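A.B. asks: What follows is each chain in one-letter form.
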Amino acid sequence: MTNYRHFEPKALFEERMKKLIPDYENWFQINKEKPINSIRCNTLKISPEALKEKLEKKGWKISQPYKSFLEIMIVESKLLPGELGNSEEHLLGYYYVQEISSMMPILALAPKPGEIILDLCASPGSKTTQLAMYMENQGTIIANDRDLDRIKILSANLQKNGVSNCVIARNDAVQLCEKLKKSGFLFDKILTDVPCSGEGTIRSSPKTFLMWNIKMINKLSRQQKKIASSALSILKTGGELVYSTCTHAPEENEGVVNQLINKFNVKLEQINLPVKTRPGILNWENENFDKSLKLACRIYPQDNNTEGFFLCKLRKEK
Amino acid sequence: MQAEERKMKILNSTEKKKILEQLEQFGIEKLNYLLFQTGKEKIRGYSGNLSIQEINMLARTIRVEIIGLYLFKQDLGLRLSLDATQILKPSKKIINTNDIQAQSWLKGEDLNITTNQQGFVIIKHNQDFLGSGKSAGNLILNFIPKERRLK
Numbered sequence: 001m002t003n004y005r006h007f008e009p010k011a012l013f014e015e016r017m018k019k020l021i022p023d024y025e026n027w028f029q030i031n032k033e034k035p036i037n038s039i040r041c042n043t044l045k046i047s048p049e050a051l052k053e054k055l056e057k058k059g060w061k062i063s064q065p066y067k068s069f070l071e072i073m074i075v076e077s078k079l080l081p082g083e084l085g086n087s088e089e090h091l092l093g094y095y096y097v098q099e100i101s102s103m104m105p106i107l108a109l110a111p112k113p114g115e116i117i118l119d120l121c122a123s124p125g126s127k128t129t130q131l132a133m134y135m136e137n138q139g140t141i142i143a144n145d146r147d148l149d150r151i152k153i154l155s156a157n158l159q160k161n162g163v164s165n166c167v168i169a170r171n172d173a174v175q176l177c178e179k180l181k182k183s184g185f186l187f188d189k190i191l192t193d194v195p196c197s198g199e200g201t202i203r204s205s206p207k208t209f210l211m212w213n214i215k216m217i218n219k220l221s222r223q224q225k226k227i228a229s230s231a232l233s234i235l236k237t238g239g240e241l242v243y244s245t246c247t248h249a250p251e252e253n254e255g256v257v258n259q260l261i262n263k264f265n266v267k268l269e270q271i272n273l274p275v276k277t278r279p280g281i282l283n284w285e286n287e288n289f290d291k292s293l294k295l296a297c298r299i300y301p302q303d304n305n306t307e308g309f310f311l312c313k314l315r316k317e318k
Numbered sequence: 319m320q321a322e323e324r325k326m327k328i329l330n331s332t333e334k335k336k337i338l339e340q341l342e343q344f345g346i347e348k349l350n351y352l353l354f355q356t357g358k359e360k361i362r363g364y365s366g367n368l369s370i371q372e373i374n375m376l377a378r379t380i381r382v383e384i385i386g387l388y389l390f391k392q393d394l395g396l397r398l399s400l401d402a403t404q405i406l407k408p409s410k411k412i413i414n415t416n417d418i419q420a421q422s423w424l425k426g427e428d429l430n431i432t433t434n435q436q437g438f439v440i441i442k443h444n445q446d447f448l449g450s451g452k453s454a455g456n457l458i459l460n461f462i463p464k465e466r467r468l469k
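Protein chains in written order, with the numbering used here: chain A, 1 to 318; chain B, 319 to 469.
Derived by calculation from the structure, the hints in this document are not laboratory data.
Since the structure is predicted, the reported quantities are computational estimates derived from the model, not experimental observations.
Treat each hint with caution, since some may be false.
Derived coverage of chain A by chain B (criterion: at least 3 residues anywhere in the stretch with Cβ under 8 angstroms from a Cβ of chain B; other residues may be distant) [said to hold, decoys possible]:
| hint | region |
| --- | --- |
| 1 | 86-92 |
| 2 | 164-171 |
Incomplete in silico selection of chain B near chain A, CB under 7 angstroms [said to hold, decoys possible]:
| hint | residue |
| --- | --- |
| 3 | 365 |
| 4 | 380 |
| 5 | 385 |
| 6 | 387 |
| 7 | 404 |
| 8 | 424 |
Think of the CB as a built atom: it goes at the ideal place given N, C-alpha and C, for glycine as much as any other residue.
The shape of chain A in the complex, shown without the other chains:
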């Protein structure tokens, strides 16, 4: 069996990353390390204090790296393979195994009880369950995905986490937005965590290095532009949309958001996150992006010992 931990990036990939990331060597080195074990306490079922006490009783060493977000925990102890996903507390839905950078889009969206929120590409449900938790099961989430197998995973995760304010829908993302637009159904907030090339997840899936190719990035970029544009059409005036990916490719990030800025009356908002972020880039491959894209957040694995992410928040203007 091929050991994907020993990989060599493709030449074009390396060239692009060196151009994009000034400390490329640090980025490359941390991607050889396995990711840390991070979890999110499910406050719909248990308090962070009670969960921490339970896990420490098992002998796990738990840290809570962010004072304002005690639900975010790191299991510092060395665990056996599968131990995190097969513990009693996990089976009871007391925590969700979630990478810290993947928790950031929901912190940026800052959901509140009573809001109507669309999670457009929802499966497997890490961010949907996080939404429901901060909404205290009040308001409504419409969690959509296209594929039945992915819907089954989403449904199982929502059940395990005790989510009761969610409508699960199975539709193509663009078609769903078109249909809702026709019926006049609008949202306070929308999460578009779109399918992407996954350059930020190399620590957990090193095979991304092998699958990577530039054609795929360009194809995904076109798809992402369609999805994000459709989503904006069903956002209320004054509403907020978070666009996020787990990739570094500017074509899938700033390139997509730049088109939204040009096409719609939207404004990028400042985001305050508990992790170190770097600003969005303003030009790539001879294309200049809107200056406000510096408000976008690039999360690099070497800055926080996490995986990589991109996110930004757009507000729809009158």
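Starting from the structure of chain A, add chain B where the hints point.
C.D. replies: This is chain B only, laid out in the frame that chain A set:
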């Protein structure tokens, strides 16, 4: 997910009242959910803020698969799901288990416990609700779903 799962019927106030009457045996007095029956037996609860009209409009407009949380199953009595026991926190018909019994229960095993409680009971270990079981004399039958069992 079966096709019939998608066929959802909203329970009316009389039907909801009947469910509440059955829940009294577990010490549950309130049920702040819009209830849906899916298939023949499963009842789901939606705690969101959409009206029935809005839900119906959504279901006509897009392909809706599931709404809310699976709470109960009508199975010669009302059987609470694992997650319903954790969220609704029943106070009656509770069977308290010790560490060893709780581990066996979470592995999907029936418990050798004699109780005078009849029908469905709630399994608890310290402060943790561990779902429902069915009392059968000196045995409590296990209903922990396969995918939620300890391996």
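A.B. asks: Now tell me if each hint is right for this structure.
C.D. replies: Cross-check of the supplied hints:
no., hint, verdict
1, 86-92, "holds (count 4)"
2, 164-171, "holds (count 8)"
3, 365, "holds, 4 angstroms"
4, 380, "holds, 5 angstroms"
5, 385, "holds, 5 angstroms"
6, 387, "holds, 4 angstroms"
7, 404, "holds, 6 angstroms"
8, 424, "holds, 6 angstroms"
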